[in-house]
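Listed below are the residues making up each chain.
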Amino acid sequence: MACLHGRAVGKEQLKGNTALMAVRHSIRSRTRTLFRKAFLSAFDGNACSRRVILAGVLSGVLAPQIVSADAFPGDLLLFPELTSLHRFDLQDGSSLKNYWINPGLNLFYGLDQGRFRFLLEWLVDRSAQEVQRLQLGWRWQDTTFWVGRFHNPIGYWNIHFHHGAYMMTSITRPGVMTYETSGGPLPMHVTGLYVEGVRELGDSSLYYVLNAGVGPDLEKKRLDAFDVLDPEGTRLPAVTLRLGYQPVSFGSDEIGFSFSYTEISGRQIGVDRINQIVAGVFANWRSENLGFLGEAFYIHNDFTGGASEPESDVLNLYGQAEWRVADDLTLYSRIEGTFNDNGDLYFDHFRNFVRDRYMGGVRYELPYKMALKLELSREHTRDDAFGQVGLQWSAVFP
Amino acid sequence: MERGVSLAMSKLSFLILLLSLASSALAIEADGLRELVLAASSQSNIPKLSLQETRKLYLGVPVEKNGKTIKPLLNVSESLLFEVFLQKVTFMSSDAYEKQVLAIVFRLGGQRPQAFHDRQTLNAALLEHPDSVTFMWAKDLDQYRGLKPINTLWAGSAD
Chain A
1 MACLHGRAVG KEQLKGNTAL MAVRHSIRSR TRTLFRKAFL SAFDGNACSR
51 RVILAGVLSG VLAPQIVSAD AFPGDLLLFP ELTSLHRFDL QDGSSLKNYW
101 INPGLNLFYG LDQGRFRFLL EWLVDRSAQE VQRLQLGWRW QDTTFWVGRF
151 HNPIGYWNIH FHHGAYMMTS ITRPGVMTYE TSGGPLPMHV TGLYVEGVRE
201 LGDSSLYYVL NAGVGPDLEK KRLDAFDVLD PEGTRLPAVT LRLGYQPVSF
251 GSDEIGFSFS YTEISGRQIG VDRINQIVAG VFANWRSENL GFLGEAFYIH
301 NDFTGGASEP ESDVLNLYGQ AEWRVADDLT LYSRIEGTFN DNGDLYFDHF
351 RNFVRDRYMG GVRYELPYKM ALKLELSREH TRDDAFGQVG LQWSAVFP
Chain B
1 MERGVSLAMS KLSFLILLLS LASSALAIEA DGLRELVLAA SSQSNIPKLS
51 LQETRKLYLG VPVEKNGKTI KPLLNVSESL LFEVFLQKVT FMSSDAYEKQ
101 VLAIVFRLGG QRPQAFHDRQ TLNAALLEHP DSVTFMWAKD LDQYRGLKPI
151 NTLWAGSAD
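Chains as they are written, first to last, in my numbering: chain A, 1 to 398; chain B, 1 to 159.
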């Protein structure tokens with residue numbers, strides 16, 4: 001327990017205060033310069049440069065947290081990862097790569113000041129360099145009212161693991177929970193208002209979320225979630241309600257449902273608009289050595305203007321089982337399936353969406369909150385059926 | 001004379017009572033009975049927290065009392081103390097606790113409780129922030145300066 005959270009405060013830290021002050025002064029000076037440059041450049045830079053600038057500014061602002069967690073408020077978490085995927089049996093002319101290596105860094109910062117709350121999650125990897133969550137909130141009793149960009153509370157996976165690779169037992173997310181930037185078919189991020197809270201019922205509790213905002217635009221190959229630094233595109237309303245019952249308050253076990261309604265511009269698939277309903281049920285159960293997570297989604301699309309078929313219904317299911325063989329070793333497996341999706345106007349647009357998957361893997365815990373994962377799977381997309389071997393190192397610091 | 005005998009009997013009874021109390025205390029000590037308390041600065045006006053509120057607080061969920069958000073400080077100066085706290089208050093192993101706090105903060109925002117290995121630093125932090133609390137053995141309370149117990153979280157044998 002000696003390194004619990006890595007935020008322990010000891011005598012040594014107090015003794016080193018003078019040296020730390022000099023370091024902090026230097027960091028603050030650099031931060032001020034970065035802020036000034038960022039402010040001047042933000043008005044004439046493109047989206048990419050704005051992201052890079054934001055990265056610099058955030059690193060400058062948040063770096064002192066690493067110097068001393070005690071001296072600055074809030075909590076900073078860094079989730080680095082290095083993932084390698086090797087695919088085999090790909091069809092000739094496949095758009096998928098045989099080999100894909102993806103280094104990534106996800107940064108999380110949370111701050112509570114009285115009733116005011118702030119949350120930032122920012123990801124840089126090969127498919128996304130953007131603010132994933134940016135939330136400003138006000139807490140009243142056990143309810144928080146947020147405004148900003150957040151993860152759409154569809155089901156269980158999307159709000160429990162976010163972009164923290166270390167937090168997930170597996171390397172891959174279920175196909176239906178794939179992010180927009182990686183070709184996922186459902187809106188994983190929404191920008192607007194978000195209300196979440198907990199109603200305690202004795203030892204158990206009811207966790208509720210209601211959000212309303214703007215959803216993604218549909219681009220040539222993928223959905224495009226609202227980017228706070230690059231807010232282009234056609235943005236239509238999105239609403240989600242999620243209710244989860246936790247037998248033990250703030251425990252990991254949860255059973256519940258979510259209901260989501262999103263309007264998406266449909267010009268890329270030859271219709272005016274897609275009115276999408278996603279209804280889902282989920283259950284997560286965990287004992288000391290065993291765990292099970294399952295979700296089922298019913299997706300209904302109403303196409304307005306120009307579709308030969310005015311609507312479609314698709315069902316997606318997945319189940320993941322985990323067995324902790326030893327303290328540092330976990331075996332896991334997941335089966336995913338999509339039904340009634342062949343020839344669907346909407347789902348056919350997402351050619352790399354993994355419709356079916358049989359996967360097994362092993363996770364090994366390393367010291368200092370690091371993990372190694374090896375995963376084997378057989379996957380099926382619109383145009384391909386192939387095998388995949390994944391290897392990942394992930395961690396959380398501090 | 002009778003009065004003298006009666007006085008002697010009273011003294012004897014009192015002595016027997018004292019001896020029995022002392023032997024009970026020794027038996028308790030021998031059995032390893034301990035009392036885990038939640039403590040704060042003597043200047044704080046934090047009311048009694050239920051076990052559920054304490055658990056919630058130490059899982060990284062904000063808890064507000066008398067208009068102030070309470071700040072939980074983890075006392076990891078003694079491994080047995082911390083283990084008992086985790087078992088009796090959070091109902092988790094240390095691994096599970098660490099993962100669960102991380103998961104809650106990552107999902108809901110806020111910050112993880114700060115951990116203190118050093119009693120003096122912990123004591124200073126409690127005095128500096130009267131809205132903060134920590135846990136300790138009741139018998140250790142007088143080794144800290146300017147603190148008071150808020151409530152008992154658990155009492156029993158820690159062996």
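No wet-lab data here; the hints were simulated from the structure. Where a beta carbon is used, it is the ideal one built from N, C-alpha and C, also for glycine. A few of these clues could be false.
Taking CB as the label site, the calculated pair distances span [claimed, not checked]:
(1) Ala124(B) to Tyr298(A): 55 to 65 Å
(2) Ser287(A) to His129(B): 32 to 42 Å
(3) Tyr298(A) to His129(B): 42 to 52 Å
(4) Lys148(B) to Gly360(A): 19 to 29 Å
(5) Ile101(A) to Asn66(B): 32 to 42 Å
(6) Asp272(A) to Ser93(B): 24 to 34 Å
| task | Against the structure, test the hints numbered earlier, and report the numbers of the ones violated in rising order. | result | The structure conflicts with hints 4, 5 and 6, although it agrees with all the remaining ones.
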